[in-house]
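K.L.:
Given next are the chains, with one letter for each unit.
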Amino acid sequence: MKTDQTHPAPDEPTLAMDAIRKSLQPCMQCGTCSASCPNAFAMATTPRELWRLLQLGFVDDALAAGSFWMCSSCYTCTLRCPRGLPLTEVMAALRRLAARCHPEKTGDNATFYKTFLDNVRTYGRVQESALMTSYFLTMKSPTLPFAFLPLGLRLLGKGKLHGPSGTQKGRLEGLFNHAATQGDRT
Amino acid sequence: MKYAYYPGCSLRESAQEFDVSVRAVMERLGTEIEEIPDWTCCGASAAESVDHNLSLALPARNLALAEKAMPGLDVLVPCSACYLNLLKLQRNVLADKSVMAQTNALLGDEGLAYTGKTGRVRHLLDVLLNDIGPEAVRAKVEKPLHGLTVAPYYGCQILRPYRVFDDPERPSSMEPILSALGAAIHPWTMGGRCCGASLMATHKEAALVSVGEILRAAAAAPPDGQEDEAGGGADVIATVCPMCQMNLDAYQKQALREGGLGVAGRPVTVLYLSQLIGLAFGLSAQQVLLEKNLAVTEAFREKLVHPKELSTAAVTTA
Ligand code: SF4
Ligand code: SF4
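Here the protein sequences line up with chains Z and F, keeping their order. So the first sequence is numbered by numbering that gives the first Met the number 0: it starts at 0 and just counts up by one. So the second sequence is numbered by numbering that gives the first Met the number 0: it starts at 0 and just counts up by one.
Some hints could be false.
[Said to hold, decoys possible] Output of the computed footprint for chain Z on chain F, the stretches with three or more beta carbons under 8 Å from beta carbons of chain Z: (1) 9-20; (2) 46-52; (3) 56-63; (4) 265-276.
[Stated by the list, open to error] Pairwise CB distance ranges, derived in the manner of DEER restraints: (5) D37/F <-> H101/Z: 37 to 45 Å; (6) Y161/F <-> G173/Z: 26 to 34 Å; (7) P175/F <-> L55/Z: 47 to 55 Å; (8) L14/Z <-> F164/F: 35 to 43 Å.
Derived from the structure by calculation, the hints contain no laboratory data. Just so it is clear, the structure is predicted and the values come from calculations on it, not from any experiment. Note that beta-carbon positions come from the ideal geometry of N, C-alpha and C, so glycine has one too.
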């Protein structure tokens with residue numbers, strides 16, 4: 000366990016990818032996952048195709064296709080896979096890997112999750128209005144806030160948005176720091 | 000019955016009506032809920048996408064706090080996403096000693112450890128169905144929801160990947176509760192369909208398709224043509240998850256307009272199950288914070304004020 004701290008980053012992505020490929024090895028390409036996925040219609044490669052790319056070692060193509068950003072973690076594929084593979088977790092592992100290996104290509108996708116966790120780190124509990132504000136700031140998209148503005152105004156009118164609460168502020172700072180030194184072992 | 004209560008972040012923010020109605024309903028049902036002191040975010044759906052260690056440590060911290068302050072109590076979780084995060088962590092830690100060691104190493108700085116001595120992680124729906132039971136619910140009903148057709152919507156994370164208290168393919172756990180309230184059940188197969196979850200923030204166009212399909216199925220006439228007063232279809236969708244509620248409620252107009260198919264839909268009220276229970280228990284619209292829901296239809300309000308039985312009785316005596 001100590002070795003992770005003495006040899007951190009360099010080979011971590013490779014280890015993570017090996018673990019992913021190993022867990023996908025039993026996939027028999029039956030296509031149940033793709034047929035069950037409510038978001039397959041919006042993916043560049045279906046889940047089954049993604050697993051095949053990874054099985055055959057086309058890691059860069061798999062990461063570039065980016066289908067894992069369209070996964071809504073509904074666990075339907077995991078439930079139905081006749082091989083019992085942990086597919087939803089693989090999707091999440093691919094998002095982590097893509098964000099680390101090709102941050103320049105993950106675009107807006109990684110930003111939301113990252114901003115979300117930054118919010119948790121700062122406030123201890125998610126503060127929705129602060130989250131949306133920093134999401135808009137990080138995305139630097141002039142039109143994005145307008146896409147959410149009508150909803151924002153309605154939520155405001157319903158008294159659902161308010162300034163961030165400070166009760167748990169900074170509470171998770173130590174835990175986040177500690178977790179960052181441990182390295183990804185999956 | 001007493002539970003360690005984990006509300007989760009949403010119930011303190013945009014889903015206050017869920018928190019308030021859960022507390023009110025559980026009190027009427029004679030159960031005691033005590034909030035886990037100092038609880039923090041469970042990581043939601045973001046932690047696992049960013050950092051594996053945090054996806055272990057964030058839920059574990061809350062279970063460790065529960066174990067310390069209320070050993071042995073089951074942990075009651077109304078939010079489906081929080082429920083799955085806590086449940087998954089509990090299962091992983093109990094199944095694998097090395098995961099327990101890794102997780103507790105992350106918590107060590109605060110002097111916390113999660114060893115599994117707390118009770119089970121339980122979803123609100125599980126507790127209502129199996130600990131309290133439909134009969135005890137029925138006994139508290141003061142204003143039966145007669146004439147109201149409800150579409151039970153379960154979403155993803157209380158059903159999958161674990162089979163705990165319902166069938167993930169054909170969920171039905173809400174039906175005995177809704178029947179106990181006097182409501183009719185909308186027969187549909189979309190109850191376990193994903194609402195798009197956080198894709199609504201990152202890929203809205205895809206999430207709107209899912210939301211549109213769910214809303215249309217809720218508003219559609221039942222297949223065998225048994226028309227009801229809602230003009231065929233549900234008056235209200237009952238949810239047990241803040242993310243599902245927000246996606247189905249707040250994006251209705253857009254989903255019905257843009258969410259694929261190009262078929263016109265009609266608005267449907269989307270309430271938390273606990274709000275419906277509260278209304279049937281005689282709580283006022285204010286007491287269950289009905290004003291916080293965005294898409295409450297006039298037809299729904301009308302039915303609340305004039306339940307079916309009363310209005311037909313009035314017609315016959317006139
Ligand atoms: S359902 Fe399982 S075995 Fe079938 S293609 Fe998908 S991952 Fe492979
Ligand atoms: S978990 Fe992701 S990949 Fe699997 S069915 Fe759901 S959306 Fe598709």
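K.L.:
Look at each hint and say if it fits the structure.
P.N.:
Here's how the hints hold up against the structure:
With 5 residues having a beta carbon nearer than 8 Å to a beta carbon of chain Z, the region 9-20 of chain F meets the requirement of three or more and the stated coverage holds. Counting residues of the region 46-52 of chain F whose beta carbon lies closer than 8 Å to any beta carbon of chain Z gives 7, which meets the minimum of three for the stated coverage. A count of 3 residues in the region 56-63 of chain F with a Cβ less than 8 Å from any Cβ of chain Z is obtained; the coverage claim is therefore met, three being the minimum. For the region 265-276 of chain F, the stated coverage by chain Z is not satisfied: 0 residues place a CB nearer than 8 Å to a CB of that chain, which falls below the threshold of 3.
For the hinted restraint 37 to 45 Å between D37/F and H101/Z, the CB-CB distance of approximately 38 Å keeps it satisfied. For the pair Y161/F and G173/Z, the supplied restraint of 26 to 34 Å holds, since their beta-carbon distance comes to about 31 Å. In this structure the hint that P175/F and L55/Z lie 47 to 55 Å apart at CB holds, the actual value being about 49 Å. Checked against the hint of 35 to 43 Å, the C-beta distance between L14/Z and F164/F comes to roughly 37 Å, which is consistent with it.
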